[in-house]
Structure formats: structure tokens, C-alpha cells
Amino acid sequence: MQGLYPLFTAIPLAAAFLNLLVTKVNKKAADYIAFVVAAVLAVMAVRMLFEAPFSYRVGGWSAPWGILLVSDGMSALMLTLINVVSLLAIVYSLSYMTAYTAKPKYYSLFLLMIAGMNGVVMTGDLFNLFVFLEIASIASYALVGFGTEHEELEASFKYLILGTVASTAILFGIAFLYSMTGTLNLPDMARQLEIVGINRAVAFVIALFIMGFGLKASTVPFHAWLPDAHPSAPAPISAMLSGVLIKALGVYTIARIMFNVIGPNGMVSSLLMFLGALSMVVGVLLALGQSDFKRMLAYSSISQIGYITMGFGLGLNPAVPPAVAALGLFGALYHLINHAAFKSCLFLCSGAFEYRTGTRNRFEMGGLMRRMPVTGAACSIASLSIAGVPPFNGFWSKLVIIMAFMQAGYYVYGSVAVLVALMTLMTFIKLQSSVLFGQLPARFAAVKEAPVAMVVPLVILAMLCIGLGIAYPLFGESVLQAARDSLLDKLAYMGYIIGG
Amino acid sequence: MILYFLTLVLFVMGVYCLIAKKNIVKKIIGLVIIDYAINLFIILIGYRRDGVAPILFKDMPMEEFARHSVDPLPQALVLTSIVIGLGVLALQVAICLRLYEKYKTFNMSEINRLKG
Amino acid sequence: MHELLSIIIVPAVAGIVPIFVPRRWKVVAGVYSLAVAAWVLLRSVALYGGGDAAWAKFLFNLGGQLPFVFGLRLYHFSAFVLLFVAIFAVLSILYSIGYLWSKDKPSLYYSFMLWTISAAAGVVLADNLLILLIFWEILTALLFFLTNMGEKGHEKSAAKAFTVLGLSDAAMLLGIVLLWVTKGTLTMSGLSVSAGDPFSVAAFILLFVGAIAKAGAMPFHSWVPEMAVSTPASIMAFLPASLDKLLGIYFLARISLDIFAIRAGSGLSLMMMIVGAATIIFAVLMALVQHNLKKLLSFHAVSQVGYMVMGVGSGIPIAIVGGLFHMLNNAIYKSGLFLGAGAVEKRAGTTELDQLGGFARLMPVTFITMAIAALSISGIPPMNGFASKWLIYQGMLEGRHIVFLVVAIFGSALTLASFVKVIHSVFLGRRPERFAAVKEVDFSMQLPMIFLAILCVLFGIFAQYPLERFIIPSVSGGELVNISMGNIATVPTDGFWSPGAATALIVVGIILGLLVYAFTGRGAYRTDENVWIGGNVMDNEEIRVPGTHFYKTVTDDLGPAVKTLFADGDKGAADGYNIIGRMGNGVVQLLRAIHNGNLSTYLAWIVIGLGILAFMLIFKL
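Here the protein sequences line up with chains S, D and A, keeping their order.
Using numbering that gives the first Met the number 0, the first residue of the first sequence is number 0, and each one after it goes up by one.
Using numbering that gives the first Met the number 0, the first residue of the second sequence is number 0, and each one after it goes up by one.
Using numbering that gives the first Met the number 0, the first residue of the third sequence is number 0, and each one after it goes up by one.
I should point out that these hints are in silico values taken from the structure, not numbers from a laboratory.
Just so you know, even glycine gets a beta-carbon here, dropped at the ideal spot from N, CA and C.
It cannot be assumed that every hint is accurate.
Pairs of lysine-lysine, DSS-like flavour, derived with a Cα cap of 25 Å [to be verified]:
1. Lys56/A to Lys447/S
2. Lys21/D to Lys102/S
3. Lys101/D to Lys104/S
4. Lys21/D to Lys103/D
5. Lys26/S to Lys104/S
6. Lys447/S to Lys151/A
7. Lys447/S to Lys102/A
Over 10 Å on every C-beta distance to chain A, these chain D residues come out as not near it, computed from the model [what the hints assert, rightly or not]:
8. Leu17
9. Arg97
10. Lys101
11. Asn111
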């Protein structure tokens, strides 16, 4: 697999352009190309979970001059997440996107976005990371506005402006770091920073990065674009954005830079914990007051990302015992994959309901469990998962995070986490009550179950919600702990500069 | 040092333009100014007084080159950054035009159907 | 598979089958589930006779640090609770088959019933607090789905139930985590905490909230009345009336007796007794003025929890025995009452008291079983409700808690008053013409009601047997209750109640009364005449006087404070769920107003946020 590693970006990049060319000849080809590419990538990504960590020198240039690609536990985890969810979203799109024109362009943008995200999680070079981040971001700006109606364009433009500000801040930070360390290679930079130490200039860069990557991850107060952008995108894109994009571009990058490059730091830790807690509370409160199905989900994403950020914050804390910090980080990573499963599932469900009923206002729906039992069941399972009801996956990750915070002595944060879990439960009870149960409006009496291509991804994701909850021994020890250890072991990361 | 300071002024002007101006086009211009400020900053990082272009000629001794040439990496970065900026700008202008078609206005504060 | 594990796994796996049974064949699913429940019952009988057992398996180490041990333990207390869980499961499923016959419900109903059995068994058998919590929350979620199978308005009541119970689950989670942090273990049998330091007190209160919310005590009761009307009676009888009481009080007993060892007279004990007393009196007052049979019963379901909390919380062995016995008795008569209400609902199509009347002749079995259950809940000797309340009274006397004693007795009197109303409005009184053709329900539905009524009588007259078999061995210090020679007496005081002798006296009294009736005023004691108003003969059908009107004085003539309370009953103004909901909504609307959709605002947030971040990092690092 080592030699094939760059293919994770090369294949989707090539396919994105090939797609548009082939479409000139055959209209249906775009569907097949996108599906085959996504399937191949997903299989390759799952294979990566079983690979030992290695680094890959692009073009044979040795570090720190050439671009370095790193594969460790964290990268493998993120790659799997991105490509599996992408495959499901593309399967879903086969049916769903027939309602839109310009399907080939949609697939091209989608593939570009995959290429960008894969690149971000693979690369060991800061500027390279920025480039891939921009590729994914630009594709996502365009995809958000894909409907080209009033709301879609407005959301896309706001997302574009705010996203560009974030990218600019990140670029600024990169330039700053380069001026101090003289390198862009992340492992090398980590080594140089050990020498330089965390001075004020580095502190400013950290602030820029928390803001820039935090905006991509939508932590409060940098979250304002998300509740507009995620609901406006087509449902599979919403699922991609909430499920993986904010994690690949925001959460992963913060984790990689803070853990592997900067290292544990008390102030960074308290800021991340505070921002996480703030996001959790603000997000869930706003989610409670929404009538738009997808907007509710979008706000809830902010809240759930808060859990992850908070867990990372604890992981970075040098003051608590290492075991407790590791537990917090572990909980955050666990929640990260869980969130990808249930939030993608919920967004895809919302798309299925919208596809059949033509509305996103949950108060106009009702009793759909009877008419669309499979979608309804998937929606219900995902709702219970995100609400933290055992034995589904959300319960376990929230439990780990809460236990870690309590054990670390942060009783307030721990209690906030419990309280937000309760409010999330309330949000998703409201959602289920108004959409799945209650009286079926007369005009939806003839509503049918969604098409097969849309139902299959839903069922798979719902199964994942159950599986990630009860089959912990299958993946917990190997995948999650490997990812955690790769983040905690800064020395090993510095070692990648030697290359493999 | 004064160059850095001027870059900062440019940057702050861009931020001001972005936040305070209501017109979409002006906002985009503000973003572009910010982008330029950052690009200038990156160039300045690699700059050295009396530097030469970072091209190693056959007859030039290595030590001499290292002492006089400017850092080549920032220039590469800026080129990439400009290209990315161009892509973003194109997208911004395209969406801006489509927005005008729909809303019949360039005033961003009137374009707020999405809130709450 | 270990015998303890099988009792959890088998119904859980068996519950998958009904999902695939189509709606119109739901009877098949019902019979199948009945068979599974019967198997569980047989197994739990065997387990009950089999003595103590334990089983534990280390499953995994969550995050490398949280050992997750699936520990199960069967001992006397859990064995008898498990036994009754299984009994109520069989009865409810049996009843459901007839009750759901003509209703448009999915077979999934039976899946949820079976999963509920599994989860309840898990709660009872769990020896690890985390395992207990997991099954506890699964029960909550299952209740949500079962409630959502109800009639009009079900989604609101289901949402409320899930929210309130979710709150209790969150409190329990927090309590358990606190225990884990301070004690480092979650194994219940090995956990002993002296409730002295603030952490332990906080942990206990959090766990207490979880227990009483499940049982439905105030102030976490409001989900029970809310769901009463729209939820199928079979579910009301199974979950809120019996299973949730059994489990809630079981958990309360486990934490207050085993883990924390709350002493009589301590502050926590007083708190629990106050919660109990308040629940008794306020809920029964609310019950008095209800117009809907199921809603009225649900308020009693709340009120009776007060006795159990008071008894268990007092820390006095006799009262604890009484409280646990009351838990059992309450489950018996309360599910009997709900099943009876369901029978009336099935035949009359309504449970509004004002519209019912004169069903005694039409549905004699339902009438007699409900009357027996009503006597029991009102604490009339020699029914079982009296026996357990008697022990609680004894305990209060022993602890010199005169105020609580008065509240308990007064609550009992009010309970009787409201059941006089129920029996009158539903079964006696004038029968509306449209119910002339109403028939008794099917035998499959009668059977559970008859069985429960017989239990009510038996557990009253022969109270020493269930006490001896089930309750006393479960309570340390319970041997102070002397049950020799068919009497129930307490050793230190000389409270003495002999159910056998009293029953004989009561029977003699009733026979004497019948004799007097037979030889003196026999014949027509009531004649029907049409009422004559203002020169017109009125149709009696139009001017029926429903029994509920007798109780209007309660709402109208008491002081303004009580009046407000009653006004709340319908609108829910004093209901914590609504108050917090409204306050929360204020915050939500404020936050929504801040997100004004203006790009410049959002950009300003980013710049300010970056500024604060930079300041913190640069100057405070």
C-alpha cells in the first residue's frame, strides 16, 4: 500500500476532470465513474487501517525539501472516515441528484472535495495542507450553492467569505511559522519549535490557527456560516459537510498541529476546552429552537463538534495525569467517528424525507414512520445515537468524555457535557416527535418509501451507529487507540522526517 | 520593519473594508486586499537586502549563493497562493453575480433570508 | 449461556422476530411473545428457588482505562423483583392480545414488550452501576416508542416522558460518574459509601432523582399523567404502573439501603420522607379533581409512590418493609386498575368519567376486579394495600414522625374519596343510553384482571406469606417485623394487625349487613322518574349528573393557593417541564436574535474572537 499512498488524492483529482470529459460522450458515465472511484477509495482506505505507520516522499525528494506524506493511526482513521462516508453519499446521490441538473459537474466537485480532504489528512507539509484545504473548501463552497436558488446562493456566499477569511488567517499563520522555523515540513517544524520554544510569535500563530481551523470546524464564535451552509447544500453534501468535511479540515488539522507540532500546552488546552464547552451549549440551544429539519441538524453539529474540541482540549492539558488526558483524547476521537456515522445518517434521512414530502419544515411533517418505515427507523436509530441513548454509539463516546473530565477534576465541564447530552436528547425527541410520530398530514397520505439507492446508505449508516456502539472490541483497541497514540506521541511524529 | 508595518496597514484596511462595507463587491475587494497583504508578507519573509534571484548558475560557488540569494520557498508559496486567490475570487464574483440576479441588490445586509 | 445471562439475552433476541410479522397477523406475534414471556416467568421462578448466583465477564477496557465488566448478581431481593417483573410481563402481554385485537397497531409492539422485559431483567440483575444505567436508559427509550404507539396526542406525551426520564438518566449518569471518580469501582455489591462528604451527598441525590423519576414521584411525576390518556392501557399497566415502580423503588432501596446506608433521622432520610409526603398529598389532591379515568389513575400512580419513598427513605426497618411491600402491592392493584380502565375504554370507546356510568351490570367482572383494586389502593382492610400502609404507619409512629403519619393517613382517605368517585361514575350511576349494548371483554383480557384482584385479596388476608417469602429477607433488620401466627406485629412497639381475625370479623359484619338489608328495607330503594323543570318534562339522558361534579367543591371552595395548584393540573403551569421549557425558550430566542443573518456581524465575531484568543495566548501563556 505504501507506494499507492498518493493515489488517495491522485485518483479523485484525475477522475474529477476525466468525468467532465467523458460526459461529453456519455451522459450516464459520470454516475459510474464517481461510484467506482469512491468504491475503490473506500476499499483502499479500509486497507490502510491495517498498515503500519510510514511516511512517503513525493517524487523521491527527501525531507525537509520535498513534500512528505505521513500515514499513521490518525491519518488512517480519517481516511477511512472520509472515503467510506463519501462512498455512501455518492450511492445516495445516484437517486437523489436526479432532481438537479448538471449531475456530472456535481460529481466532479464532489471528487475534488474528496481529493482535498484526503490530501489534508495525508500530508506532512503545512503549505501542502493549506493547498488541499483550499481545494476542498472551494469545492464545498460551490457545492453548497449547487441549488442556485436564493437561499443556496446566500448561504454559499456567506460561507465563501467567512471561509476565505479563515484560509487567509491560516496562510498568515503558516507564513509566520515559516519565518520562525524556516521549514514547512510538519515533523521538521515540530523539531524546530522544540528549539525555538513557545514564544509570543508562536502564540499568535496558535491563535490564528485556532481561529482559522476553528472556523472550518465551526466552533463558536466562528460557527456562523455552518447553520446556513449545511442545510442549503443538497442532502448528500450536507452529510459530507457535517459528517466529514468539518472534521477533516477543522478538527483533524487542529489536532495534528496542536498535538504533533506544538505539543501539550496549558493555555491552548483551556482555550480549546472553553471553546468546546461554549460550542456545545450554544449549538444545542439553537438547535432546540429550529423548525427546519436540516438547520436543526446543522446546529447540533456545532454542539457535537464542541464535545470533540473539548476532548482534544483535555488531551492537550499538561496538568492532568497523562492517562486522563489520553482518555479525554480517546473520547474525542471516538466521538468524531460516531458523529460522522449518525450525523451523515440524519442528513441523508432529512434528504429522503424532503425528497418524498417536498418540505424541510418539521412542523409540516408528521407520522412519517408509518409511510417510510426504513428511513424512519434509520432516523430514529441515528437520533437515539446522537442523543446518547445506550447501546448506540453516541452513548459510549459521551460517557468516555464525561468520565475523563470528571476524573480530571473538571466537574463543571463534566456537568456541562451531561447537560448538553440531555438537551441534545430533547432536541432529537422533538425532531422524532414532529417528523416520525404524530398525525400524518392528509397531503402526505400517498408518500412512499425512498428509492433503494437512498435507503441502502441510510441502513448501512444506522447499522454503523449500532455497530460502533456494541462492537467496541473490534475497532476500539486497534483503530482508535492507534489514532490516539499517534497524536500523543510527538517524538514518533518528528521521526517521520527521516522517511520510510 | 517599515515594510512589515505597511503590510499590516494594508491588512487592516482590508479587514475594515470587509466588515464595514455593505456592498458585496466592496467586500470582495476587501478580501482581495487582505490576500495581497498576506502575499506581500510572505514575500517579505524571504527578502534580504541586496539579495539575488535564487537561481544557481553553473559558475557560482555554493557558499556565495547561499549568502546572497533570497529564500526561494516564499516565492513559490506566493505563486501558489495567488493562484488559489484567483480561484476563490472567480468563485466569489460568480456567486456575487448570481446573487444579484436573484436579489436584485448588492447590499449584503438586505441579503439575509437565512438567520436564527 | 449462563442462566442469568439467558434471561436477558433470550427475550432480546426473541424480540427481533415480531418486527417481520405483518400488522394483520399481530395476534401471532402476540401469542409468540406470550410464550417467550412465559419462558421468562418459568426461568425466574426457577431462579427464585435456586438461591444466590453471580456471573461476571470482563468485556473490554474502554479507552484503555474504563474496565467494562458485565456483572450480574442474583440474590433474594433481585430474585423476587425479577419474579414479579416476569409475572406482570405475562399478564400485560396476555391482556394486549385482546386489547389490540381490533386496533391498527404494528406487531413491533410485541418486540418492544419483549425488549422491555429484557431491559428490566438487566436492571434487576445488574451488579455494575454502569450496566444498570444502560438497561435503565434502554427502558426509557422503549417506553418512548411504546407510548408513540398510542392514540391522538401521543407524540407530545411520549416526548415529555422521554425528556423527564432523560433528565433522570442524566442525573444518574452524573451520580454514577461521581461515585466512580471518588470510589474507583462501580460494582454495586462491593460499594459502600458513607454519606458524609459533599461528593457522596451529591452522588446520592443524583441517583435518588433517577430512581424517583422512574418511579414517578414528585417533582418528576408529570410525565405519568401526561401520557395516561393517549397511551394504550396495556402499556400504562405494564410500564408506569408496575414495572417502573418496581424498578424505581428497587433501585432506591438498593442505593439507600445497600450502597449509601442512609440512617434513620439523617438529613437525607428527612429529604426523602418530605419528597414522599409531598408526593402523597399533592398527587392525590390532583387525582380528586380529574375527569378522565386513566388520568385519575395515573395521578394515583404518582401518589402511591409517595408511600414507598417515605417508607424506604425513613430508614426505619418496619417502614422499609412496608415501603417495599407497598411497591409490590401497588404494582398489583395499580396494573389491575389500568387493565380495568382499558377494558372500559375498549368497550365504551372513552375514559371520560362524565360520559360513563352504570357499567356494573354490563361488565361485572371488570366491575368486581376494579372495585377490589380500588379498595386495596384506598387502604381498606383486609386488602393488601392496607397491610403495607399499616407497616408504614407503624414505622412513622416508631420514628415519632407524627406529621408524616398524618399525611400518609390523610392521603389514604383522599384516595378512598376519589375512588368512590371512580366506582360511582363508571360502574354505578345512570347508564347513558348509547352504552346499552356494551358487553364484557374477552376472557383473555379478564384473566389478568381476575388474577390481580385475587392477588390483592390474598396478599391482604395472608399478608404474612408474601412478607415472609419476599420482603423481610431482603431488608436487613426486617426480622423486627414479627409475622408469627398469622399476625403482623412489630417487635419494639406493640402495633398489631391480624389479617385473618380481622377478615373474619369483616366478613361477619358484611353478612350481618346483608341480613339487615334482606329483612328490612328490601325492594325498590331507587325509582326512575323524569325530572320536571319549568313545566317541561326533561329527558333524563340530557340532565345526567356525573359523579365528577361532587368533587367540584374541592377545586372551587379551597383557598387560592390550592386553586392555583389545580389550575396547573390541566395547563401545567407549576410543572417543572413547562417552566424550564419556557425559560429555555427565552434563551433560545435571544440566541436566535443574535444570529441576525448579517455577514458583517459574523465577521465581527470572528475578528473579536481572534482578538481575544490572541490576547489570551500572547499575554497569559
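Determine which of the earlier numbered hints do not hold for this structure and return their numbers in increasing order. 1, 2, 8 and 11
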